[in-house]
Amino acid sequence: EVRVVSYGRRYQYLLALNLKKRPFNSPLARRALNAAIDRQALIQNALQGHGVPSTGPLWPKHWAYNTSVAAYRFDPGLAVSLFNSAGLRTDKKSVGPVARFRFTCLIPENYNVLERVALEVQKQLYDVGVDMQFEVVPSRQFNSRIREGRFDAMLIDSISGPTVGRSYMFWRSAKRFPGGLNFFGYENPEAERLFDLIRTSTNEIAIQSAFSRLQETLLDDPPAVFLVWYERSRAVRRDFQIVQDPRRDPSDPVYSMWRWTVAPEPKLAVAR
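Under our numbering, the first residue of the sequence shown is numbered 1, with each subsequent residue one higher.
No lab work stands behind these hints, which were simulated from the structure alone. Honestly, I wouldn't trust all of these hints.
To be verified - Pair by pair, the computed Cβ-Cβ distance ranges are:
id, residue 1, residue 2, range
1, W260, K21, 44 to 52 Å
2, N45, S251, 37 to 45 Å
3, T104, T261, 49 to 57 Å
4, Y255, N45, 50 to 58 Å
5, S251, A41, 39 to 47 Å
6, R259, G87, 19 to 27 Å
7, E204, Y255, 31 to 39 Å
8, S6, W63, 21 to 29 Å
9, Q44, Y255, 47 to 55 Å
10, Q208, P76, 29 to 37 Å
11, R199, H50, 28 to 36 Å
12, D75, S256, 39 to 47 Å
13, R73, Q122, 35 to 43 Å
14, Q44, S212, 25 to 33 Å
Just so you know, even glycine gets a beta-carbon here, dropped at the ideal spot from N, CA and C.
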């Protein structure tokens, strides 16, 4: 009696890092972490195929998004090379398994999907010599730890669309805008300038140009490890005829609920 309708959301899973701590304060290390993630495998193994790879904080369906800008791809060889360039080599004298470095990732309790994503990320990072351990905490404590900066990294789902303003809220300069949502310590003057240009310009060509340069800046100096734009599903009684417009963003059937109709009752043919 129920049909299930899936749709893509403007939220993504990402590994947020405390950029005030080593080695996350190094753009090379953050680029290496992004190159070490096989996002297609993550989608298949942790999300049963329901998601789209993400390599940055900007909504890829934004009208100014430049799809020709080369995004991150899974390249463990590049990841190893970048780690080595950042001085993060395997330490065979360390206690425990051999690793380039170790860190603890916060996860809110009772979020099974986040746990599956975290386990897959842990496995992939281990393959390039990074040891990620977990600390599962209650949601209230999780939020307070974010605001107080008491973390190495944390796995979160973050809204990143449909406008640039969503990303600007999280990655704008905390020094210029204290009290905002940038609890992670990301500071990039060029990204700040481009965010401001996109926010204030009324010229479409200027916005498109700034958007492309912002994409490149955030790839060269990534504020986090971006993983997957994920999907959600709606369960709807079958006696409704759903109108789902794939051209809408997102194609959530709730947005077109005003166009739904009641399905006609089936008529039985009677032989005479």
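Outcome of the hint check:
Between W260 and K21 the CB atoms are about 50 Å apart, so this pair conforms to the stated range of 44 to 52 Å. Checked against the hint of 37 to 45 Å, the pair N45 and S251 fails, with Cβ atoms roughly 25 Å apart. Range check, T104 to T261: Cβ separation about 52 Å, and the 49 to 57 Å hint holds. Here the CB-CB span from Y255 to N45 is close to 31 Å, at odds with the stated 50 to 58 Å.
Evaluation of the 39 to 47 Å hint for S251 and A41 yields a failure: the beta carbon distance comes to about 26 Å. For the pair R259 and G87, the beta carbons lie near 58 Å from each other, so the given range of 19 to 27 Å is not met. Taken as a hint, the range 31 to 39 Å is violated for the pair E204 and Y255, whose Cβ atoms sit roughly 26 Å apart. Separated by about 24 Å at the C-beta atoms, S6 and W63 satisfy the suggested range of 21 to 29 Å.
Between Q44 and Y255 the C-beta distance comes to about 28 Å, which lies outside the given range of 47 to 55 Å. Between Q208 and P76 the CB atoms are about 34 Å apart, so this pair conforms to the stated range of 29 to 37 Å. At roughly 33 Å, the beta carbons of R199 and H50 sit within the given window of 28 to 36 Å. At roughly 40 Å, the beta carbons of D75 and S256 sit within the given window of 39 to 47 Å.
Checking the proposed 35 to 43 Å range against R73 and Q122 shows it is violated: the Cβ atoms sit about 21 Å from each other. Checking the proposed 25 to 33 Å range against Q44 and S212 shows it holds: the Cβ atoms sit about 31 Å from each other.
In the structure shown, a violation is registered for the earlier hints numbered 2, 4, 5, 6, 7, 9, 13, in ascending order.
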